[in-house]
Each structure stands twice: as C-alpha cells, then as structure tokens.
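Residue numbers (UniProt numbering), protein chains in the order written: chain E, 1 to 614; chain V, 1 to 614.
Hint data in this document are derived by calculation from the structure and do not stem from the laboratory.
Cβ coordinates follow ideal geometry from the N, Cα and C atoms, glycine included.
It cannot be assumed that every hint is accurate.
Derived DSBU-like pairs: lysine-lysine, alpha-carbon spacing no greater than 30 Å straight-line [as the list claims (entries may be wrong)]:
#, chain 1, residue 1, chain 2, residue 2
1, V, LYS418, E, LYS205
2, V, LYS205, V, LYS118
3, E, LYS426, V, LYS297
4, V, LYS401, E, LYS297
5, V, LYS477, V, LYS418
6, V, LYS401, E, LYS397
7, V, LYS285, E, LYS285
8, E, LYS205, V, LYS477
9, V, LYS285, E, LYS286
10, V, LYS286, E, LYS272
11, V, LYS141, V, LYS85
12, E, LYS116, E, LYS230
13, E, LYS141, E, LYS85
14, V, LYS285, E, LYS272
15, E, LYS166, E, LYS116
16, V, LYS272, E, LYS285
17, E, LYS297, V, LYS272
Residues from chain E that keep clear of chain V, each with C-beta distances beyond 12 Å, as calculated [to be verified]:
#, residue
18, THR6
19, GLN10
20, ILE47
21, ASN53
22, ASN73
23, PRO102
24, SER104
25, SER108
26, THR137
27, LEU238
Which chain V residues face chain E? A few, computed with CB under 7 Å, are given here [claimed, not checked]:
#, residue
28, GLN539
29, PHE546
30, ASN548
31, ALA549
32, SER550
33, GLY560
34, HIS573
35, THR585
36, ARG591
2 protein chains.
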Amino acid sequence: MAYYETMFDQLDVTAAQLLVNDSSFRDKEFRKQLNETVKSMLDLRVIPIFNENDAISTRRAPYQDSSGIFWDNDSLAALLALELKADLLILLSDVEGLYTGPPSDPNSKLIHTFIKEKHQDEITFGDKSRLGRGGMTAKVKAAVNAAYAGIPVIITSGYAAENIDKVLRGLRVGTLFHQDARLWAPITDSTARDMAVAARESSRKLQALSSEDRKQILYSIADALEANEKTIRAENELDVATAQEAGLEESLVARLVMTPAKISSLAGSVRKLADMEDPIGRVLKKTEVADGLVLEKTSSPLGVLLIVFESRPDALVQIASLAIRSGNGLLLKGGKEARRSNAILHKVITDAIPETVGGKLIGLVTSREEIPDLLKLDDVIDLVIPRGSNQLVSQIKNTTKIPVLGHADGICHVYVDKACNVDMAKRIVSDAKLDYPAACNAMETLLVHKDLEQNAVLNELIFALQSNGVTLYGGPKASKILNLPEARSFNHEYCSKACTVEVVEDVYGAIDHIHRHGSAHTDCIVTEDPEVAELFLRQVDSAAVFHNASTRFSDGFRFGLGAEVGISTGRIHARGPVGVEGLLTTRWIMRGKGQVVDGDNGIAYTHQDIPIQA
Amino acid sequence: MAYYETMFDQLDVTAAQLLVNDSSFRDKEFRKQLNETVKSMLDLRVIPIFNENDAISTRRAPYQDSSGIFWDNDSLAALLALELKADLLILLSDVEGLYTGPPSDPNSKLIHTFIKEKHQDEITFGDKSRLGRGGMTAKVKAAVNAAYAGIPVIITSGYAAENIDKVLRGLRVGTLFHQDARLWAPITDSTARDMAVAARESSRKLQALSSEDRKQILYSIADALEANEKTIRAENELDVATAQEAGLEESLVARLVMTPAKISSLAGSVRKLADMEDPIGRVLKKTEVADGLVLEKTSSPLGVLLIVFESRPDALVQIASLAIRSGNGLLLKGGKEARRSNAILHKVITDAIPETVGGKLIGLVTSREEIPDLLKLDDVIDLVIPRGSNQLVSQIKNTTKIPVLGHADGICHVYVDKACNVDMAKRIVSDAKLDYPAACNAMETLLVHKDLEQNAVLNELIFALQSNGVTLYGGPKASKILNLPEARSFNHEYCSKACTVEVVEDVYGAIDHIHRHGSAHTDCIVTEDPEVAELFLRQVDSAAVFHNASTRFSDGFRFGLGAEVGISTGRIHARGPVGVEGLLTTRWIMRGKGQVVDGDNGIAYTHQDIPIQA
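Let's have the full structure, built from the sequences with the hints guiding it.
So this is what it looks like as structure tokens:
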C-alpha cells in the first residue's frame, strides 16, 4: 500500500486502501454502501485499492463457487467488478494472457478470445503464477464468472507498462473473456496462418479425390442446404431483424433476406456446378518434345483463396461451391450484417464435406481484425478476391502483396458515333445508365461524335437520359453547347443516376478519351459503320469492348460463364468477368522414358503438337 | 562574415575569411600557397570562407572563359574546387536545381543529371537568381567547367537546411554535373513515369498496326543487327575489356561476349519470331450470348513490361523482340557489365522501329537508381520480369506492388521410387544435378524410397553423384545411414555441385516432403510403376512435374515454347517456363445489334459455344 501511495503521489493522485472480508458481501447494506463509497471516492479523484482484510479473515479453505464470495484477489476483483457494474475488468498476470498450454512450451499459443465451450477442456494449466496467491486457473475461473455475468474481462501481463493503455484503446492484447465470444469469434484462437495452412492441406486432399467424389460433395452440400432450410432461415431472420433495428437501408435489408425460394435456388445452382465438366486436370496443350517424351499443360487449382464479401449471404454458398469445384482451399470473410446467416451456412456446408477432406477446407473469418493478418500471408494465400465497394477493393489492393482479382473503379463509356442508328443509341445509352445505375458496368460517361450536335441527335440522347431523371454534367465542350454544369473530372464514377457527357472529334478522339480517363472495365461504341466499329473494338484497351450492345452485359452470368468469381480490371491472370477459370492455374506434366538433357546432345527435339482428345 | 562567425561559433567551430582576387590566380606560387593554407586551416578545424576581395578588385567586365580566372562567386567556387582538388562542389541556389525551363513554369522539370550534349541547347534560362550576382546561367557555366575538369558538382537549394546532408548521403537532390554523366545517365532527366507512359502510348500505336507491319518491324531489326555487327562488336569489346580488367569471373566474361556467330544467331531468332503466328487478337473462345449477340475472348497485349536482367546482352534482343511480337511496351534494365553492349543494341533496335510507333516503345534504364522509382509505378507498368539471381528476384518481389513473373528459388527434387529402373535413375539423377549445377532447374534434393537402402541401389545413386564430384549432405535419416554430414535445412538451394539426400517411406512421404520443403518449381519421379507415377504427377503441386525425365528439361526452349520469357513459380497468370503467352492477357469483344439488358427481360440467353475458325 505504501508503494501504491508513493507511485500515485507522483501523479498527484490520492489512493486509499479498502480492506474487505468475504463475509462482508453477505450483507446487502454493505454492498449498497460499497457502491456509494467507491462512487464518492472516484468523484474526489481518489483511487480505491481493495485487498482482503487478512487480519480479521476467518476463511479456512478457498471457496470455489460464485455465490458472491471471493477466495483470492482475482475472485475479489471479479466480485467487485460485478458489484460496481464495471465496464471492464483487467486481471494482470506474469504472462501475456491465457495460453493453450504452459506458456513456457513453444507449442502453446496465446488465446486471444476465450470461448468457454471450446477452451474449457482444451487448456492444460501449468504451475500457478509465481506472484500472489491466484494462479492462472484461479484467474480464468474469476474471469469466466465475471464475463458470463456481463462484465468483459481481459487477462494480460502486468510487466508491460503500456498494456493497460493498449487494452483501453481496444488493441488486441492478452485474452478477452466475453459472454458473447462464442458468437463472434469462433476462430480467433487459431492464427490466420494456421487457417490458411489448414485450408491448403485440406485442398490437397480435395484435389486427390476423384472427380466423381468432388461432384458428390457438391450434391451433399445442395442437399444439406435444403435439409437445413429452417435453421438457416431462423438465423437469417435474426440478422434481418438486427439490420432493421439498426436502420439499415431497405435495399440492403432486402439483399440480406434468405427466402425458401432463394435457398432452393442456391441448392439448384450448386447442383448445376456439380454437373459442370470437371475444370481440374484438363489438358490444355499437348506436345511431343522428343521421341517418347510428352509434355502436357494441365489446369490445376490455385491453392488457397481469400474472399472478402459484403452483405449478401448467398455469395458465401456460391463462392464455397466454386472453390470446391475448382479444388481450392478458401478463407471467407463476410459482412457483419450477415454474421449469423454466414455462420450457419458455413456450418451446413462444412458439415457436408467428408472427413477425408477435413472441416478446415473452408475457413470462416468472423472478426474484421483478422483481415490485416490474413493479407500479410502472401506465402500461403494465393489470391484475394474482394467483392464489395470500391473503397474495400482499393484498401485491400493497397495493403497486400497477395495478387488481388477485382476492380476498384468501373468508369464505363458509351461512344455514339456519327453513323449511329439513333433509336438504338438512345436505347443503349438509357439501358447502360439506368438498368442499374450503381453497378460497376453502368455507363459513367457518354461520348458523342461532334456531327451529332448539328442534327439534334445529341439533344435527343440528352433528353432520353434527363427525362428519366439522370443528372448530367458536361465536359468543357458539352457543358458549353448544352449549358450543363461542368463535370469536376472525367475520371469520376457516379454510381447513381448521374453521368458525364462530352463531345469528341471522332472515333479516335473517343478512343483517346477512354484511354485517358477510363478504368479499362467496359466500353461500348454505337455505330452502323463496320469499319469504325472494328477500329474501336481493336484499339480500345479495356477488359470488355462492345459494339451496339449495352455495357450492362459485362457480367459473368450474362457472358455464360456460369458462376461469377468477380470482374477484374487487372491485366494479369483473368480479365473482365471471371468464371471458375479465374480460380485455376496450370501445371506442366512431362512423361518420359529416362531422357536426360546432357547439354542437349543426343536428344532430337521434335516439338510436335499432339491433338487433345475431348 | 560576422553572420558566418556567429553561426559557426554556436558549433564551436572557427571560421576565417579569405579574400582573393582573380589576378591572384595568375601566380603559380599563390596557388601552391593556397593549397597549403587551406590544408592547414582544415587540420586546425578552421573553416575557410572565400570571397572576392571587392575593395581591391580591378575587374571591369565579367570574364567569360575558364582560364583560371573567376567572374563571380560561383566561378570562384568552381575554381577553388579545382585548385583544391575537392571531392565535390555544392552550389546553393534559391531553387531546387536546374530546371528545363523557368522554375516557376509548371511544365518545367527538375533535371536530376545534367548531360551537356543533351541539355545545353534545350534549357531556357529565366531571370537570374534574386540572391547574389550569379544567376542560374552563371551557376551552370561554373558547374560545367568544374565537372568536365573532373570535379563532380551539385546545384541544389540553400533554403532546405538538410540538403547538404542529403547530398553527402548520396540522395537524389538537386542537379548533378559529372563528366561521365552522358555515359551512365542518358535518361535520368525523363522521369520514370514519363518513360512508362511513353512506352504505353507507343505500344498502342504498335497494336494498331497490322500483323504484317509488326512482322516487318522484326525483320528490320534482324537486318539492322547484322548490318551493325561491327559497331555492336566494338562496343561489346569495350565491355569485355572492362570486365576482364575488373577481374570478373571467366564464365561471366564468356557470357558477355558477342561473337559474329551470336549476332547472326540472334538475328535468326528474331526472324523466327517474326514468322511465328501473330499472338495478338487470337480468338480463344466464341459464344453466342443471345440471338445476334456474339462474344469473343481474344488475346491482347499486357501493356508495359519492366524487365530487369543481368549480364548477357543477347537477352536484350530476345526480350525486345518478344515485346514487339506481343505488342507490349517495354522498359529494360540491364547489368552494368554489359552497359555499352546494351546501349548499342538498344539503339540499333530502336532505330529500326518506324516513326509511326515511336522510339520510346522500348526504354533503356541505365542507372540502378531508377529501379526503385520504376517499381513504384504499379499504375503504368503491368508486369515486372526479373531475370537474374535469387537475391534480385526476392528484392524486387518485396519492394513492388506490380505483379512479378519469375522465381526466387528453384529447389527441385528427384524422387527415386522402389520400382525404379536403376540405370535410368542414375542417369536422371546425375543429369539433374550435373548438366548445369547452378541452373534453377537443377536437382537440389534427392529423395530415395527406403527399400532401396537394402538392395544397395541407394549406394549406387550416391556413388554416381560423388564420383562426379558432388558434395552430399544428408537429412536426419540419410546422414545416419550413409554417414554424411547433416544438411542444415531441406529448403536449401545449393546452385553448385552439392545436394541433399534423404530417405522417405514411400511416394506419399516424397510428396509430403516436396510440399513441405520445395519451391514448386520442378519435381521428378523415377519409377516403372505407372500407378505410383500417376499419383505423383497428379498430387505434386509444382509448376512442372516429370516422370522419368531429368528436371533440366524444365525450360522454355526445351518445352518448345520458342523464346522464353522466364520461369514462374507463382500461381497467378503464367506458370512454369513461360513463352510469349505470358506477355498476353485477354479482352472480351462483343458484337450486337442494339441489345440491352433491361433487367434481363426481353432477352433470351442462349450461351451457345461457336467453333473457332482456324
């Protein structure tokens, strides 16, 4: 106590000792009094320091219950936290927190979030802490009691002076005990790397299965989805209710809802994927390298995918089944709005995966704080696919060395040429902007050939958009001609019923504008002149280039790719709308009869293509 | 001077004024004395501060020559630097350095390295500096005089207190004048970004050409290589001489040499590439999406490539012609040993590219300091291909967000199964290690089935290697059985006549070992058991997996890919030995008749594959 006083004095803070007895807590009046006393002391900026009043204690053996009686300093602290309705209880130890085994054993891992159901039996407690009476067993018991009575508890090391500060700043320090932990952190005790490594190991087992066995897994998943319809809907309804309470936008809530029809349609699409030709091990190229030496280029799974998606829980089912079809391991991070739906869907799917593959093929990442850890694992994760806002995609692209498949921007152009069919131009321009204004393949900039100003076609196009409620902004030329407010930048994605208009010299001007200001997503020309069309199709360097068709067609399903993994504006690997092939790479398989290189002497290279049997 | 004294006093340093006259320098004795005086002062830690002795100066008009007479403080400084044989002269200005135009003009760019031949006529000098007598014109004149007399000069801003410190730490501050600048920094005045942007613009012009025109460019390059054989050899001989003087390893010098045969073979390979089927615009997939709506997936150039290669100058020709064939822009950085050879080869190739495409299609980066700048440009460079040491590749992979195609490690395994043909096993194992021990596809670890210990096959394999001078290290099992020194790690690439040996349980043990310790480059099984072979081929998850053939076949030329871009151990984009297809991406081209999406109403998706016409 003298030491506490000396230390607090340096901060000009007064500390006061309160010596209590276990028996005192039996008295209701004492408890009330205690609350008031502590409150008054805190108002006076006096720090109460509790300890057991050993001198008058009558206790013989330590109590082992939580009936309001304490049995050491840890349980005293838990008890006080409850009585005083503390916001947080911090228990300081001589180790970083609770480990899965003795902290001195290098195989022991720090548990970041304690989950009673999971950890209670799993943990091997070592010797008790060298300081004070209570060891880690006692601390955990106290922490569990307080946590499940509603007081969050953190056990952390008292040796690092900054730990308390870190805890208060919400950083991941020590071990957290919280009554809801089981709901929101089923995986945080396994490190990100462990998850990725386990997913890769399982994916290798999946790849070793026969094509028929992999197909069967998808059928089992489809059946399991239908069989668990009620459970899925029950969990989904909780998500929907939470979203409505939180005042989430109606359109977002609608995307969250899993109707029986949606579940059955999802099961149907999983079966469709199962019936698809096996994408793994397809021979893409076959060459006779030399007599009796045959080389094949075959399709092969990428390895481990990390997919970060927002809101819609059905995406989880689509992505998981795509990963299984393509033999990949998967780490999934869904939006928090769909937390319960994602958890149940993940469970239903994982339970349907046979033990020979293992339940860790698909890992569900539930806390946002895991993401930065996962993005660092460029040696064990092969591809990240973010499906969500531009901000999400950009943020991921900027923070990871893992290849990212996706698109941050969708600045799509429609160029209306002087040789256009005017009705067609109006139809395409309207559809490209209005069919779904917030989509990444919606038109953001309309480019019009200068000759269309004279014959009033420009005005017709403008009217077609404005009469449907589209707000228009002009480039330097168009804003003068049409008396429109000037667009702040041509590189702007509105994602709403708004777009930029500009007048260009000709098709070359349009191409130049698109190269300068586009995002290489999808661009379209409307013209009846086949030469101009081909010029545009050949020269515009975007992932998708259309002639006389709405930019809205730029989509995996509309392209006929089956399930869509995402749309990529990158140039490496897959580009544009990406189907299952974006989840595959290749391997070179060579079968010989003992051939050696030996300085390329004694081998006659033939390099003959061998036709691939269908 | 009083101000200098006050300032230096604070640092406990004494400063002393030396007032000199232009006429003093005519006296040889004065110059000798001056040297001794300054030396003594510096020994006493006294800072000499020179100024013109205006009071006794007889000069009327400023002198404009460099005969040893100064005409302002800048020329006085240059003169003193020469007389005192300074290591470096720093001229402080009120702007950051020398700009291409008036520093206030936003179009003016800071010149990092001044090249007399290039900049003398190009620069527009503005008003003279507001401080002191000498403007920028005077400074540049003084700097050029000192630099070409052997004293490096930097002009930088005197406003930033840390600039002198930065200059001394070798950071890129201000404008550097050096007599060799023209040799090693022909491009440093154009920023890295400008080079990349110019290469992309030129590549678009190249892509707009007909296939025949692109072919013709390659023919012109081949002709130019032969026509310029003498010049190329002359420059190459200078590189070779320098390398020999520097005591470079003989094998490295040999790789540097460009014989007439090599030049003619290079020209031949460029012509061969010209005759190859045009890789751009090939239709890879064709689908009828709906009636009258046809979708094509076509091959398309990546954009701009950055290739960093070491030593061999012929790589420059191969890479440049591959880039042209695939319609890509290119930035090249070669090794400094091949500086002159690379420069002349680059010039010969660039001169053969027609003006319609432009000379900036292929940029030659000559100074190492440009590389970090280039690696930051992930928005304008699409792919980096490092061809060189593991260290080079790792370093590049760790410092850039641009996708990297290549391999850092080549830890290749040969697994000899119990059912092997022993002679074949010895032949393959010897070739895999000895054909070229430093190659990335050479065997680093030999795995042997445990049954081969009993029948002495293990000993035969060991003898085959040891008798050819291979140093062997054993894993925990093999080191005991064979009494070998223990290998420090299984994840080790020797790159020399050394390798690790380990005994494994069976093919599963081998596969597990390879997944745990390999680099997914090339792995081989030697067995006569077709089932075991297929298991190995299917399950080993490496870029190349061989049955009964040496790992040394893992190579673009031996695979029959034509020119080799590199070997990739990544899983995204191309994998294993990569030919021209690694420099291509895809574009989706859609041709319609005015179709719109309109919520997918009124359109009947057919998604029929259309056969591709050859």
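Each hint, compared with the structure:
no.: 1; hint: V/LYS418 x E/LYS205; in the structure: holds (24 Å)
no.: 2; hint: V/LYS205 x V/LYS118; in the structure: holds (27 Å)
no.: 3; hint: E/LYS426 x V/LYS297; in the structure: holds (27 Å)
no.: 4; hint: V/LYS401 x E/LYS297; in the structure: holds (28 Å)
no.: 5; hint: V/LYS477 x V/LYS418; in the structure: holds (17 Å)
no.: 6; hint: V/LYS401 x E/LYS397; in the structure: holds (9 Å)
no.: 7; hint: V/LYS285 x E/LYS285; in the structure: holds (15 Å)
no.: 8; hint: E/LYS205 x V/LYS477; in the structure: holds (27 Å)
no.: 9; hint: V/LYS285 x E/LYS286; in the structure: holds (19 Å)
no.: 10; hint: V/LYS286 x E/LYS272; in the structure: holds (22 Å)
no.: 11; hint: V/LYS141 x V/LYS85; in the structure: holds (19 Å)
no.: 12; hint: E/LYS116 x E/LYS230; in the structure: holds (27 Å)
no.: 13; hint: E/LYS141 x E/LYS85; in the structure: holds (19 Å)
no.: 14; hint: V/LYS285 x E/LYS272; in the structure: holds (22 Å)
no.: 15; hint: E/LYS166 x E/LYS116; in the structure: holds (24 Å)
no.: 16; hint: V/LYS272 x E/LYS285; in the structure: holds (22 Å)
no.: 17; hint: E/LYS297 x V/LYS272; in the structure: holds (23 Å)
no.: 18; hint: THR6; in the structure: holds (42 Å)
no.: 19; hint: GLN10; in the structure: holds (36 Å)
no.: 20; hint: ILE47; in the structure: holds (47 Å)
no.: 21; hint: ASN53; in the structure: holds (59 Å)
no.: 22; hint: ASN73; in the structure: holds (47 Å)
no.: 23; hint: PRO102; in the structure: holds (27 Å)
no.: 24; hint: SER104; in the structure: holds (26 Å)
no.: 25; hint: SER108; in the structure: holds (23 Å)
no.: 26; hint: THR137; in the structure: holds (37 Å)
no.: 27; hint: LEU238; in the structure: holds (31 Å)
no.: 28; hint: GLN539; in the structure: holds (6 Å)
no.: 29; hint: PHE546; in the structure: holds (4 Å)
no.: 30; hint: ASN548; in the structure: holds (5 Å)
no.: 31; hint: ALA549; in the structure: holds (3 Å)
no.: 32; hint: SER550; in the structure: holds (4 Å)
no.: 33; hint: GLY560; in the structure: holds (3 Å)
no.: 34; hint: HIS573; in the structure: holds (5 Å)
no.: 35; hint: THR585; in the structure: holds (4 Å)
no.: 36; hint: ARG591; in the structure: holds (5 Å)
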